[in-house]
Amino acid sequence: MSFARRFFSRPTAAVGFVVFLAIVIIALAAPLLFARGPFAIVGMPLLAPGSPGLPAGSDVLGRNMMIGLAYGARVSLLVGISATLVATGVGILFGAVAGYYGGVVDDLLMRVTEFFQIIPAFVLLMVLVAFLQPSLTSAVIGIALISWPQVARVVRGEFLTLRSREFVEAARTLGMRDTRIILTQILPNALPPIVVISSMMVGNAILAESALSFLGLGDPNLLSWGSMIGGARSAMWVAWWTTTLPGISIMITVLALNFMGDGLNDALNPRRGR
Amino acid sequence: MGLVSIQNLTVALPPGADRPKAVDDVSLEVGRNQIVCIVGESGSGKSLTAHAIMGLLPRGVTAAGGQILFDGVDLLKEPPGAMRKRRGRDIAMIFQDPMAALNPVVAIGRQVTEQIRAHRAISEAEALKQAGALLGEMGLKDIESLLKSYPHQLSGGQRQRVMIAMALSLSPQLLIADEPTTALDVTTQAQILKLIKRIQAEREMSVLFITHDFGVVADMADSVAVMRHGRVLESGTVAEVLGNPSHSYTRALIAAVPRGESQLPPPPDVRPLVQVNKLTKRFRRGGMFAPGKVNTAVDNVSLTLSRGETLGIVGESGSGKSTLARCIIRLLDPDAGEVLLDGADIAHMKPGELGPLRRRIQMVFQDPFSSLNPRQTIGDILTIGPRIYGEDPKEARARAADILRLVGLNPETMNRLPHEFSGGQRQRIGLARALMLKPDVLIADEPVSALDVTVQAQVLQLLDDVRQQMNLAMLFITHDMRVAAQVCHRVMVMRHGKIVETGPTRDIFARPSSDYTKALLAAIPGRQVR
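Order-wise, the sequence lines are chains X and R. Residue numbering for the first sequence is 0 to 273, as defined by numbering that gives the first Met the number 0. Residue numbering for the second sequence is 0 to 529, as defined by numbering that gives the first Met the number 0.
The following block holds chain X by itself, in its conformation from the complex:
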């Protein structure tokens, strides 16, 4: 069976993929559809969803919630994906070197990894973002910094088992250099679990970004789902949609990513599946 057929044979994976694709399209199209931006005040505050021109209602300052949700998707996806790419890159580097060389190198790198794992992650993230000044970049750096140890652990484990395989020994006897062995022989075989945890990690990064923004540590120049919830929390009891709609957006996105992760797991490990 092909990769695509295995992936889509799990209905939740197909749903996750379609939903995620829709969110990506909305995020990309937001500036084209709503040129005035999410901060423009369009009417009275706290108008219920379905009011004229306001399918998702307006928030405490009278801004169009629908535009806010579309622009919020941009921030969430951008932070989620960039942070995951950085974390995966760092994690692969640490995990690959530790797993391939073993011994003292492994001990040292793993102690560094553990150092990040034993600190309460979100506290570290808040301190770091506050220290760097809240911005998109600092959120990405902070979230990557608390996420990479997970990748490093998985990559190390894969490298530990793969490096003693005979095809790796064969590459060494051919005279191949270590970097080339790591990149061309071992890494391609270690990719499936990396892809799977990365897809899950995007969801976690989106949650972390929302939490930061909720606490007012997001980029002040950008509207994100988290900051929408944070800004509207005083109106929670009088206008449910101001907090609920961005909350549901976060939930749907993270759920879609997790469904896709499960699907990727099936598709990449056909024998380990159900």
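Among these hints, one or two may not hold up.
Derived lysine to aspartate or glutamate pairs resembling EDC-like cross-links, with alpha carbons at most 20 Å apart [to be verified]: (1) K349/R <-> E168/X; (2) K349/R <-> D177/X; (3) K437/R <-> D106/X.
Derived by calculation from the structure, the hints in this document are not laboratory data.
Using the hints, position chain R against chain X.
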């Protein structure tokens, strides 16, 4: 009538498998107080036939037709509950890998008593007494501490004896042994075979013995059935089948069993290409706070190897033969001693100096399934070596086609991935990869031990042809004296990291000088075949 009578058994594979039936219309009798061997290569259906008797077919695999009569009762019609009671009580089974069959976190005593108490209402103390007696019957010593040990603390032979004790704990009428000695060393194999034979005679039970080795058949069986592609090709008493095989496949199988006597002349006396002097390799174990334990895997070993000759290194597991090979090819760094290649010591060269010399020593690996990168095409696997040394990719591909032809494969297979090939074909690809670098020395580390006998014979022949054609110096590592006899000019016997003896193959086989070599030769199964 016999104890077990299999009549027209057919076992169907799930849709999508490479063939519809794993076992096809098989009929077989296992008489009382008799050892029956089913012999065949992988994929012959011999193991599934045995599992069908136990009612332990893998999920999706079903008995589609026929009968398995056990004492007159059709086991295929037995309800699951009744079948479960029979397992262990009437029919017991032992497996190839005792480490996998034993629970690693439960002490031996508990594992044996668990089996007994699942069927009989007796106290733990009572069961423990029975377990101890059983283990003693298996020839195990120091029962008290054995009962408290865990599987990893035992040797392979001890573990298999424990497995047999467990299988016999309820005095079954039929013991099914599925390749029970394949994972063991030769000397251990000989002991376990003797044990099974003794127990069978003492308890007057029936044994169904699954094996791929006609040597084992000759030693064990009263009667034998030869299986291939799910069918029984011929069956009869051992004397009939071995002495006068009627089917050409049986004849081929018997012919493929290495004879255990050398036909090769002693090597020509020329200046050695490789000279190993007093090589030593130690492994240290232990963590940050634990004191290190030192294990000397290779202890002061010296050898020479000339162009055109094959030197066999023979030893059981843990003898250090593979470690020695990996030190010579510098997959491991030796602690002391030298490895001279044309006079240059490569044992202590820095990676930069060693780089260009690496291509002169190449290796063929043991496991055909892990020695090829599953994500690279055959073409890439073959040309990656030459490309490291700056060969033009097009030229390398053209040469790869030639070498594939040399090892007996179609060059059009170059765009395929390793999983599309059989074990024997993969070993050929592994050999082709080594030959692409035009080496002077070829190290073959158990190159045929994972292959079926008929394929084994072909690959051994190929290795020998290639050695002659390319005038290679070959270091051939094996645990199997019979295989060594076939391809080696000289043999070096290793034990516990040391050389026991070394000499021309003929002399070693005809006049072994050490007790250990004598024991190794005596343990070869089926000395009476031929």
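Comparing the hints with the structure gives:
The hinted pair formed by K349/R and E168/X meets the criterion: a straight-line CA distance of about 18 Å does not exceed 20 Å. For the suggested pair K349/R and D177/X, the alpha carbons sit about 14 Å apart, so the restraint of at most 20 Å is met. Taking the CA atoms of K437/R and D106/X, the gap is near 39 Å; set against the 20 Å cutoff, the hint is violated.
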